[in-house]
Amino acid sequence: MTRAIQVRGLRYRYADGTQALNGIDFHLDAGESVALFGANGSGKTTFVLHLNGLLRGEGSIEICGLPLADDTLQDLRSKVGVVFQDSDEQLFMPTVLEDVAFGPLNLGLSPEDATTRARTVLKRVGMAHALDRAPYHLSAGEKKRVAIAGVLAMDPEILVLDEPTTFLDPPARRDLVTLLRGLPQAKVLVTHDADLARALATRAVFFEQGRIAGEGEVIEIVQRFHWEYS
Amino acid sequence: MHHLVIDRWSRGSSPLHARDPRAKLAVLLVFLVAVSTTPPRAQLAFVAYAALLIVAIRLAHLPLRGMAGRAALVLPFSATFALITWWSGDPLRALALAEKSFLSGMAALLMVSSTPLTAWTAALESWRAPRMLILVIQFVYRYLFVIAEQAQRMRWAALCRRGTQKGYFDFSAAAGLLGVLFARSWQRADGIYHAMLSRGFHGRFVPSPPPPFRASDAMFCSTCFAGCLAIRLLL
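From first to last, the protein sequence lines are chains R and S. Counting in the numbering used here, the first sequence runs from 389 upward without gaps. Counting in the numbering used here, the second sequence runs from 155 upward without gaps.
It cannot be assumed that every hint is accurate.
Said to hold, decoys possible - Taking lysine to any residue pairs in the SDA-like style, the calculated list, with each CA pair at most 20 angstroms apart, reads:
1. 254/S / 310/S
2. 467/R / 254/S
3. 254/S / 234/S
4. 467/R / 205/S
5. 467/R / 234/S
6. 254/S / 205/S
7. 467/R / 351/S
8. 467/R / 356/S
As the list claims (entries may be wrong) - Take a look, some chain R residues computed to stay more than 12 angstroms from chain S by CB distance:
9. 394
10. 410
11. 413
12. 419
13. 441
14. 474
15. 496
16. 507
17. 511
18. 514
19. 591
Hints listed in this document are in silico derivations from the structure and should not be mistaken for laboratory results. Ideal Cβ positions, reconstructed from N, Cα and C, are used throughout, including at glycine.
This is chain R alone, in the form it adopts within the complex (with noise of 0.2 angstroms):
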């Protein structure tokens, strides 16, 4: 199988000094699907700000075979679409369809096919119908739906999505569960929420003070570490 994403031995060391990560080694295959458990501060964050090169750590980071490196970092965030967990701070632009051609408009598209490619996403997602609305206007779900409609755009091969359920009520996080299920590339899911992984990874991996502490399947990780809210 295919290695997505390969990393071996990344550290990284906030300027307050803060010891962040501290030697992760992982890996993700094509097409798989990962969660990463762990408590707030345990890295998980700062660990998939490295994927796209948004922090720089020690340590060697292979997305889908191309080394992270300077003159690899434009065409490696078109490799790894990151979802940030809070939409407001991903949704900049003024009117939705503006913002999703955002990304393929810096990836040297045209306007006219980045707006159409911003089209079929937000249609794919089920947005068609906010085109020429503000983002600031729209609820929580649809939000997230925009947000995710953003990287897709850039036809990434990885998606990483930080606590994708966050703010969204049942039936939103439902319709997000659906969508990101029929989604197919390889997936890593930032997330507290140990249902959300039951229903979209195959895998887990636990982080515990900026080393991965665990690695299995979700049952097994979520029982191992009592990763419930109850």
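For this one, chain R is given, so just place chain S on it according to the hints.
Only chain S this time, still in chain R's reference frame:
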């Protein structure tokens, strides 16, 4: 919120909204030059400029009172200089200073309220304005949203816990809020920047190609240029 209102206004449909952004920018530039070079004694000219703006605001289907209120935000700054000028014994110049800044603010507000940000920054880019300047405008505009939203949330949170305390409490709370506001806004702006980078942003917003400059746009420019020139030279 105010910034949302202007953004909404800019996406309206009116004869002024339909004009090419380059035409509106050119007219704004000519208007600003005309206003700033008008001598203080030509008070009738300032009335005429104001009348011209009122006609344009009506044409753009924008609320006159709302526009005037927002344009008046520039007054505290110019009023300081106007007061100094007044005290130095030149009340007419002081009045002209306030009038010029208000009219200029109103004209600039009319332009941004009748043209989406992406359209007028694309127009600036087509004029080969420095890219760094355009980038700064685009970032400032986006981050204004961030700061305003953050301020709104914090204000609500403070009001919820204020109870019946007023006066000194308001002042000390506001001072504390201001510090936290900038720290949080910075954090959020950083998050937005990360989101932009992760979607391939490489230091430049890709502008849409400008639409063809039509005869009606040229006509609009000529009429406005003629109006500004006539007021400047004849009144």
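Against the structure, the hints:
{"no.": "1", "hint": "254/S / 310/S", "result": "violated (36 angstroms)"}
{"no.": "2", "hint": "467/R / 254/S", "result": "violated (53 angstroms)"}
{"no.": "3", "hint": "254/S / 234/S", "result": "holds (14 angstroms)"}
{"no.": "4", "hint": "467/R / 205/S", "result": "violated (56 angstroms)"}
{"no.": "5", "hint": "467/R / 234/S", "result": "violated (55 angstroms)"}
{"no.": "6", "hint": "254/S / 205/S", "result": "holds (14 angstroms)"}
{"no.": "7", "hint": "467/R / 351/S", "result": "holds (13 angstroms)"}
{"no.": "8", "hint": "467/R / 356/S", "result": "holds (16 angstroms)"}
{"no.": "9", "hint": "394", "result": "holds (20 angstroms)"}
{"no.": "10", "hint": "410", "result": "holds (22 angstroms)"}
{"no.": "11", "hint": "413", "result": "holds (23 angstroms)"}
{"no.": "12", "hint": "419", "result": "holds (22 angstroms)"}
{"no.": "13", "hint": "441", "result": "violated (8 angstroms)"}
{"no.": "14", "hint": "474", "result": "violated (7 angstroms)"}
{"no.": "15", "hint": "496", "result": "violated (9 angstroms)"}
{"no.": "16", "hint": "507", "result": "holds (15 angstroms)"}
{"no.": "17", "hint": "511", "result": "holds (19 angstroms)"}
{"no.": "18", "hint": "514", "result": "holds (21 angstroms)"}
{"no.": "19", "hint": "591", "result": "holds (24 angstroms)"}
Consistency with the previously given hints fails for numbers 1, 2, 4, 5, 13, 14, 15, ordered from lowest to highest.
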